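J.: If you want the building blocks of each chain, they are given just below.
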Amino acid sequence: MYDIIGIWVGAFFTLAIYSFLYKENPIYRLAEHLVVGISAGYGMAITYQITVKPRLIDPLLSGDHWILLIPGILGLLYITRFIPRISWLSRYPIGFYMGTAMGVGFPLTMKANVLRQLEGAMVPLYQSGMAWYEVTGNIVMILGTLAALIYFFFSKPHKGLFFGTGSKIGIWVIMVGFGATFGFTVMGRISLLIGRIQYLLGDWLHLIE
Amino acid sequence: MKRTVPLMIVMVGGILMMLQYFIPHQISQTVFAYYTDWTPIIVAFALVLGVGSLTRIHSHKIRRKAKNWQYSYAVLIPLFGMPILAHLWPESISGGMDSPSIFHFIFMHIQVPIQATMFSLLAFYIASAAFRAFRAKSALATVLLLAAVVVMLGQVPIGELLGRWLPETGLWILRYPNLAAKRAIMLGVGFGILATSLKIIFGVERNWLGGAGK
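Here the protein sequences come in this chain order: B and H.
According to the working numbering, the first sequence is numbered sequentially starting from 1.
According to the working numbering, the second sequence is numbered sequentially starting from 1001.
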């Protein structure tokens, strides 16, 4: 019974969202507002159950983790944002978060976005047993990365053999990349659409297996 | 107090967190553990700000009977109803599918279908966007169009029917030129993040302070 009612409710809201394809209407607007309320409420419930209760409230109530009062009070300072006279106090928790996030993120970004990417670009152009399309691919990948980087380098005018030609090749590589990404995104959205149609025709109406 | 102390909190925290990565001493690891334990607690309170703003906007709309004010109830009721339901059935959060409850029902049969359908709705709009973007007006637009068409056809059965070369070329585009463009962008983003991080840590970038209390 639980599942049957669930599928009918799910089908109703699926159709409510698709009704927007015709035009904006009260049923769509209801679904749109509901999803905002539910996701914020869900986020609140999960954050309390997974973070606030086990990490702050339970240890504090157990009576031997009084040091946790510091993050608790810092967190509460966020609320001063609603009181204009003392709203500047909200900068303290924001500052704590910013400092931690920037400091922890710095070496990780250096590793993931810079060093690993450079390492990934350093591949042999040719090795015995490599197919021709792999060799071509590696050449395209290395020169393409360099050319696209030149395109994004704005400290020098894009003129001359290195910067001029490099940036011209770079824009071609970037266009191929954007096209591929766009095609990939379209296919992702289409598979979601197929999933919803399968839900309506299969789970709800039982017209397909 | 209003600006200097927050800037110092950022600087001290930022430098300590950066240094602990390179100095794996017991003291630095303890400081790191405190910071990483406390941060989720502090960040969790930021949700109160979001919920407070949402409540203020929608209760204001209801009070003023603004246009479409009735829908504000559809935001406020689940906003406060969901945490209450989660409190009544806490096992539905940890138990998931095995512990059906009203909380679980609302999430699985209202939230999930609406979000999945909203994302799938983009398939229609992305198609019309593609039509506008892909008009082969120039050589560069033609390259964009060709890459997208080959990648798309390469992923569907009709692509394979047209010829084995199509999915293979699609894969080649994804693995090499696409990777080159993505890698250059990733490197650019990486350097951008590093520069911004340093600017924030050393107080050069202060926009995050906002205008609260000057």
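Rather than coming from a laboratory, the hints here were simulated on the basis of the structure.
Just so it is clear, the structure is predicted and the values come from calculations on it, not from any experiment.
Ideal placement from N, C-alpha and C gives every residue a C-beta, glycine not left out.
Incorrect hints may appear among the rest.
To be verified - Computed footprint of chain B on chain H, listed as stretches where at least three residues anywhere in the stretch have a Cβ under 8 Å from a Cβ of chain B:
(1) 1143-1156
(2) 1198-1210
To be verified - Some chain H residues flagged as far from chain B (calculated, every beta-carbon gap over 12 Å):
(3) Gln1026
(4) Leu1047
(5) Leu1162
(6) Gly1163
(7) Glu1168
Unchecked claim - Below, computed lysine-lysine pairings styled on DSS-like, alpha-carbon distance capped at 25 Å:
(8) B:Lys111 / H:Lys1182
(9) H:Lys1067 / B:Lys23
(10) B:Lys156 / H:Lys1061
(11) B:Lys168 / B:Lys156
(12) B:Lys156 / H:Lys1067
(13) B:Lys168 / H:Lys1002
(14) H:Lys1182 / B:Lys159
(15) B:Lys111 / H:Lys1199
(16) B:Lys23 / H:Lys1061
(17) H:Lys1199 / B:Lys168
(18) H:Lys1182 / H:Lys1002
J.: Please check whether the stretch 1198-1210 of chain H has three or more residues whose CB lies within less than 8 Å of a CB on chain B.
T.: holds (count 6)
J.: Over 12 Å to the closest beta carbon of chain B is the bar; see if Leu1162 of chain H clears it.
T.: holds, 15 Å
J.: Holds or violated: Lys111 of chain B with Lys1182 of chain H, Cα cutoff 25 Å?
T.: holds, 16 Å
J.: Could you grab the alpha-carbon distance between Lys1199 of chain H and Lys168 of chain B and see if it respects the 25 Å cut-off?
T.: violated, 32 Å
J.: For the stretch 1143-1156 of chain H, do at least 3 residues have a Cβ located nearer than 8 Å to some Cβ of chain B?
T.: holds (count 12)
J.: Evaluate the condition: distance from the CB of Glu1168 of chain H to the nearest CB of chain B exceeds 12 Å.
T.: Incorrect as stated: the minimum Cβ-Cβ distance to chain B is 8 Å, not above 12 Å.
J.: Within a Cα-Cα threshold of 25 Å, do Lys1182 of chain H and Lys1002 of chain H meet the stated pairing?
T.: violated, 41 Å
J.: Check the non-interface label on Gln1026 of chain H: least C-beta distance to chain B beyond 12 Å or not.
T.: With a cut-off of 12 Å, Gln1026 of chain H remains clear of chain B, as the shortest Cβ separation is near 18 Å.
J.: Can the restraint linking Lys156 of chain B and Lys1061 of chain H be considered satisfied, given a maximum Cα separation of 25 Å?
T.: violated, 52 Å
J.: Take a quick look at whether Lys156 of chain B and Lys1067 of chain H sit within 25 Å of each other, Cα to Cα.
T.: violated, 53 Å
J.: Between Lys23 of chain B and Lys1061 of chain H, is the straight-line Cα distance small enough, at 25 Å or below?
T.: Satisfied, since the Cα-Cα distance of roughly 24 Å is no more than 25 Å.
J.: Taken at face value, is the distance from the CA of Lys156 of chain B to the CA of Lys168 of chain B at most 25 Å?
T.: Holds, at roughly 14 Å.
Checked against the numbered hints above, the structure violates hints 4, 7, 10, 12, 13, 17, 18; every other hint is satisfied.
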